[in-house]
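Chains as they are written, first to last, in the numbering used here: chain W, 227 to 506; chain C, -16 to 302.
Simulated from the structure, these hints should not be mistaken for lab results. It should be emphasised that the depicted structure is a prediction, and the values quoted were computed from it without experimental measurement. Honestly, I wouldn't trust all of these hints.
[What the hints assert, rightly or not] With a straight-line cut-off of 30 Å between C-alpha atoms, the simulated DSSO-like cross-links for lysine-lysine are:
id, chain 1, residue 1, chain 2, residue 2
1, C, K232, C, K266
2, C, K236, W, K451
3, C, K35, W, K451
4, C, K236, C, K203
5, C, K232, C, K8
6, C, K299, C, K233
7, C, K266, C, K170
8, C, K299, C, K203
9, C, K(-5), C, K232
10, C, K34, W, K361
11, C, K233, C, K166
12, W, K495, W, K233
13, C, K8, W, K361
14, W, K390, C, K8
15, W, K361, C, K35
16, C, K236, C, K175
17, C, K232, W, K390
18, C, K232, C, K175
19, C, K8, C, K(-5)
20, C, K286, C, K(-5)
21, W, K451, W, K495
22, C, K(-4), C, K166
23, C, K(-4), C, K232
24, W, K390, C, K170
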Amino acid sequence: MNNLELKKHANDVRKGIVTAVHGAKAGHPGGSLSAADVFTFLYFEEMNIDPENPKMEDRDRFVLSKGHTAPGLYSALANRGFFPVEDLPTLRHLGSYLQGHPCIHIPGVDMSSGSLGQGISAAVGMALGARMGGKGYRVYTLLGDGELEEGQVWEASMFAGHRKLDNLCVMVDNNNLQIDGPIDQVCSPYPIDRKFEAFNFHVINVDAHDFDAMRAAFQEARETKGMPTCIVFHSLKGKGVSFMENNIDWHGKAPNDEQYAVAMADLEKIGAELEKEGEE
Amino acid sequence: MAEKNGQETVVKKVATRESYGNALKELAEEFPQLVVLDADLAAATKTEVFKKAYPERHIDCGIAEANMMGIAAGLSLTGKIPFVSSFAMFAAGRAFEQVRNSIGYPHLNVKIGATHAGITVGEDGATHQCNEDIALMRTIPGMVVMCPADDVEAKAAVRAALEYEGPVYIRFGRAAVPVINDKPGYKFEIGKGSVVREGTDVTIVATGICVDSALGAAGKLAAEGISAEVVSICTIKPLDEEIIINSAKKTGKVVTVEEHSVIGGLGSAVCDTLSANLPTRVKKLGMQDVFGESGSAAALVQKYGLDAEGVYQSVKEFM
């Protein structure tokens, strides 16, 4: 898939995020939007998955360790055809299958997650299970940068490095903001890359909004043998919605009707530009 | 049961943690998906025999129980049946939230073999004596909680856990305990208790190593003309409500015995059942909202009134 197509899908994923969170009147748009391009690339390009057969035995697996950004995952899954996009506004509603945090019973969701630090361990277990079973599939997990403050992340990383799980790709959405402020002011996990290197990972620093760089990074990860890979995605929290960008207030808050209209107008504008780009 | 004033009989004693390790090894061929995880305690959890026989199926996670639970969750999602081993304190205590969120909530096919439960950990003292695990594990929806009484029941529980689809917690002990279930016709089923001694005056419901104490106490009570029925409960969740209600109907008085806090364990589960179905006077024996301490297992069990003599005294007072 070319970059323009990916960008269009990513823009649709962002619309879905904003729509889901608006519908829920709660949720986490900031970190969903910062990771929207990563979600898009994973589900439209990188991973071997089948929306018609979500439990396909030898599919690649994805665990959203930063589970609070479920709107991003759900929107990517819906846009990829795992379930109707029209269901996104039911997010967090009583009776909806779209739970506030990822739940294994949702089509396409490989693991329940949301309690920070736990998703990476499950992903490591999956990668180990794949190797023990002689399976060729890969396991991906996305962590928040604030999540790196959880000790369990490093227990899991130590294990993955020790076991040389080269079928594992750990990704960090480094948007630099957590609830209480910039991560380096709350309890700095920097330097992130050198920490993972010290845990025997191959580390790649990538712009989270550059599909060429992303493509190259995932290729490098797949070709890296004898150690797991960690891709540190340098991202912009709230990316794509003008008033949410790099604004900590939008970590875990839903837009009201007026804000929703502005957000959607921002994304419609980006969409129109992409259409124009396609015609040129 | 060897009694001081009775005929000296040779009682076979096995720690249920030994039974656990042996069962894993014995069942490995029959359950090729079985893998065993440890957090640097294989020598103590007794899974070492499995590790030696099937090194490629044993995963030492290092001293990191939280991560171990998550790894087990991930492994189960690739078709493995992980048996996660650690001390009860760390499996149910330290890693409670991982068990709840990464195993319980997605209802994964992960088995937890928690050894060194209760005060019979002995000399290590209160930090390592977990008297809360049954209470913690009972609160997780869909979690099966078992506490075998002896070698026979422990092995049967491990097999039953492997045959069952879903999360299971089994509690094992450190100290060697008498084998009481090596009888012809012994059958084990998750969720089924058994009347191991019939009686009419009082029901003693016991779990784990306290079943032996209850039987000993029943013998002493019989000598004084008190007929105690002993109900052995291995599966605390789901509880065999019928066997408890039926026995309580007959005797009208219930004493529960467990090597666990009286808050949230077997006693609480029995009270939940009886208060809803057949309000009955219940006395709960166990750790009375206190921490344990260092000492030999036998001395601790005696001090906290969970040996045959202690149970006997408590039941007598209750009558």
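Evaluation of the provided hints:
1. Simply put, K232/C and K266/C have alpha-carbon atoms about 16 Å apart, close enough for the 30 Å limit, and the pair holds.
2. Taking the CA atoms of K236/C and K451/W, the gap is about 66 Å. The hint is violated against a cut of 30 Å.
3. At most 30 Å may separate the alpha-carbon atoms for a hinted pair to count; K35/C and K451/W meet this at roughly 29 Å.
4. At roughly 18 Å between alpha-carbon atoms, K236/C and K203/C fall within 30 Å of each other, so this suggested pair holds.
5. Among the hinted pairs, K232/C with K8/C is inconsistent with the structure: their alpha-carbon atoms are about 42 Å apart, more than 30 Å.
6. For a cut-off of 30 Å, the pair hint linking K299/C to K233/C stands: about 18 Å separates their Cα positions.
7. At roughly 29 Å between alpha-carbon atoms, K266/C and K170/C fall within 30 Å of each other, so this suggested pair holds.
8. A C-alpha spacing of about 10 Å is found between K299/C and K203/C, which places the hinted pair at or below 30 Å, so the restraint holds.
9. A distance of roughly 34 Å separates the Cα atoms of K(-5)/C and K232/C; the hinted pair therefore is violated under the 30 Å criterion.
10. The hinted pair formed by K34/C and K361/W meets the criterion: a straight-line CA distance of about 23 Å does not exceed 30 Å.
11. A C-alpha spacing of about 26 Å is found between K233/C and K166/C, which places the hinted pair at or below 30 Å, so the restraint holds.
12. Restraint check for K495/W and K233/W: satisfied, since their Cα atoms lie roughly 13 Å apart, inside the 30 Å limit.
13. Of the supplied pair hints, the one linking K8/C and K361/W holds, its CA atoms being roughly 25 Å apart against a limit of 30 Å.
14. At roughly 27 Å between alpha-carbon atoms, K390/W and K8/C fall within 30 Å of each other, so this suggested pair holds.
15. For the given pair, K361/W sits about 25 Å from K35/C by alpha-carbon distance, which is consistent with the 30 Å threshold.
16. Of the pairs offered as hints, the one joining K236/C and K175/C holds, with about 21 Å between alpha carbons and a cut-off of 30 Å not exceeded.
17. Using a Cα cut-off of 30 Å, the hinted pair K232/C and K390/W is violated, with the two alpha carbons roughly 60 Å apart.
18. Distance hint between K232/C and K175/C is fulfilled; the C-alpha atoms sit about 18 Å from each other, no more than 30 Å.
19. A C-alpha spacing of about 21 Å is found between K8/C and K(-5)/C, which places the hinted pair at or below 30 Å, so the restraint holds.
20. The suggested pairing of K286/C with K(-5)/C holds, with an alpha-carbon distance near 24 Å, which does not exceed 30 Å.
21. About 42 Å separates the Cα atoms of K451/W and K495/W, which puts this hinted pair outside 30 Å; it is violated.
22. The hinted pair formed by K(-4)/C and K166/C meets the criterion: a straight-line CA distance of about 15 Å does not exceed 30 Å.
23. Distance check on the hinted pair: K(-4)/C and K232/C sit about 34 Å apart at the alpha-carbon level, beyond 30 Å; violated.
24. A threshold of 30 Å between alpha carbons decides the hint, and for K390/W with K170/C the separation of about 45 Å lies outside it, so the pair is violated.
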